[in-house]
Amino acid sequence: MTVLVSSFCEETCGQTPDAAPAWAARIDALEAEVAALRQVTDTEVVPARHESPWMEGCDSCLPQSSLASPSQYPSVKVTGFFQADAGWFHQDAANIVAVGDIQDGADFRRARLAATGDVAENVGYNVEFDFGFPGRPSFMDVWLEVRDTAWLGDVKIGHFRHPIGLGGLTSVKELTFIERGLPFAFLPFRQIGAMTSGADEEAGRTWALSGFRFPTDAFGGQIGDNGGYGLATRVTQVIAEDSNGGVVHIGGAYSLIDPSNDAVRYRSQPEFFIAETGGAAFVPAGIPSSVPPFVDTGVIATNKSHLFAAELATTSGSFHAQSEFIHAMVNRFGGSTVGFSGVSAQAGYILTGEHRPYNRKAGVLGRVVPNSNFGKCGYGAWEIAGRWSMLDLNDADIRGGRLNTSTLGLNWYLNKHAKFQFNYIHAFLDSPVNGDSDANIFAMRAQVDF
Numbered sequence: 005m006t007v008l009v010s011s012f013c014e015e016t017c018g019q020t021p022d023a024a025p026a027w028a029a030r031i032d033a034l035e036a037e038v039a040a041l042r043q044v045t046d047t048e049v050v051p052a053r054h055e056s057p058w059m060e061g062c063d064s065c066l067p068q069s070s071l072a073s074p075s076q077y078p079s080v081k082v083t084g085f086f087q088a089d090a091g092w093f094h095q096d097a098a099n100i101v102a103v104g105d106i107q108d109g110a111d112f113r114r115a116r117l118a119a120t121g122d123v124a125e126n127v128g129y130n131v132e133f134d135f136g137f138p139g140r141p142s143f144m145d146v147w148l149e150v151r152d153t154a155w156l157g158d159v160k161i162g163h164f165r166h167p168i169g170l171g172g173l174t175s176v177k178e179l180t181f182i183e184r185g186l187p188f189a190f191l192p193f194r195q196i197g198a199m200t201s202g203a204d205e206e207a208g209r210t211w212a213l214s215g216f217r218f219p220t221d222a223f224g225g226q227i228g229d230n231g232g233y234g235l236a237t238r239v240t241q242v243i244a245e246d247s248n249g250g251v252v253h254i255g256g257a258y259s260l261i262d263p264s265n266d267a268v269r270y271r272s273q274p275e276f277f278i279a280e281t282g283g284a285a286f287v288p289a290g291i292p293s294s295v296p297p298f299v300d301t302g303v304i305a306t307n308k309s310h311l312f313a314a315e316l317a318t319t320s321g322s323f324h325a326q327s328e329f330i331h332a333m334v335n336r337f338g339g340s341t342v343g344f345s346g347v348s349a350q351a352g353y354i355l356t357g358e359h360r361p362y363n364r365k366a367g368v369l370g371r372v373v374p375n376s377n378f379g380k381c382g383y384g385a386w387e388i389a390g391r392w393s394m395l396d397l398n399d400a401d402i403r404g405g406r407l408n409t410s411t412l413g414l415n416w417y418l419n420k421h422a423k424f425q426f427n428y429i430h431a432f433l434d435s436p437v438n439g440d441s442d443a444n445i446f447a448m449r450a451q452v453d454f
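Everything in the sequence shown is counted per our numbering, starting at 5 for the first residue and increasing by one.
It should be emphasised that the hints constitute simulated quantities derived from the structure, not laboratory data. Do not take every clue at face value.
[Stated by the list, open to error] Mimicking DSS-like on lysine-lysine, the simulated pairs with C-alpha atoms at most 30 Å apart in a straight line are:
1. Lys380 / Lys420
2. Lys365 / Lys177
3. Lys420 / Lys81
4. Lys177 / Lys420
5. Lys365 / Lys420
6. Lys81 / Lys177
7. Lys365 / Lys81
8. Lys380 / Lys177
Given only the sequences and the hints, what does the whole structure look like? Please build it.
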């Protein structure tokens, strides 16, 4: 080093070799100072903290160096999906009188874009909007989540699905049929609120408890001093399982709702839905521009309603099945308490041999993934399924009607992210005003998600 410095000084500074030792000494001193600084920064730095049960066992999480490494947060992943539906209707004369002459049609049932990710190791978020749902775009799952808290499990705050209903908590991307069963009509579903939840995946157990404002609009908003609150809770348990992934699942749920508008209303279409769009202007006057409700309680004045739910599910080999029962009790102003019920039972069999897995974190049946994708070397996965659903909205002087549906389904999974669904739905309507009637619906869906 001394030789190099001497040459440098002779060429650039005009100094003689006798001055080299002074330059070398200064450089050696600088090198020593840098080495000392490195030794300090490599020493473990433990920030001062107060003892707390929240910090037990966290010494390994504390920073090991004061030199900050580049952060991997916030992270972001863009996701989305769409469902394009088409439906054809055949009604008998009595059904046309009861609900109107329903037109054949096509629509984007859902068209969603979302951004999801983490802002820290234990804090995640999701921001999802639907461009096919009324509101256009509407808020879907918009929330932040703090995971693995000391006593509360995972804590979620925002706009999301609340914990009641096996069908309601199954992702719409993973439904066996085009729509959820008729008991779905009772659910508070997405509202703005907070939820604590957890899962013991090894034991096959989940739990959740949420509080929310009710009812919210398509953008998650809710304003009102007169009530406007609700709670929901759900527990599930795997009671039997085998070495091949087969399980038997049971669950129960409860929800209490105090609506801000002092009213509730339950109604439902026959498991197929086409939303009213701008093109409805071309439908002749008096003709329904969407699938109308077949059963409807009308507005019921109340300050409190209760939902009780029970569920059963199983998956074994290529077979899977699930059922649920939901009962609603409404405490009316100036009248007796009324009760309404919904039940559904469904089963499916995957003809190509795949297994529908069980989602132990959510306590629902998961996604069918083909063993071989559709293409030169495969045909994807094919599934047949059947379902019966019933919704009874008659009690005391509330005569909302009774609806039964029988559905046959054929699903073609091209790959993990794309599928076609074909449903034949036979609806039996018992209307207190118009008597019995029937409708046949042929429906299909194309879906892709990413």
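Status of the hints after comparison with the structure:
no. : hint            : verdict
1   : Lys380 / Lys420 : 16 Å, holds
2   : Lys365 / Lys177 : 17 Å, holds
3   : Lys420 / Lys81  : 18 Å, holds
4   : Lys177 / Lys420 : 11 Å, holds
5   : Lys365 / Lys420 : 20 Å, holds
6   : Lys81 / Lys177  : 18 Å, holds
7   : Lys365 / Lys81  : 21 Å, holds
8   : Lys380 / Lys177 : 26 Å, holds
Hint check: no violations occur; every hint is consistent with the structure.
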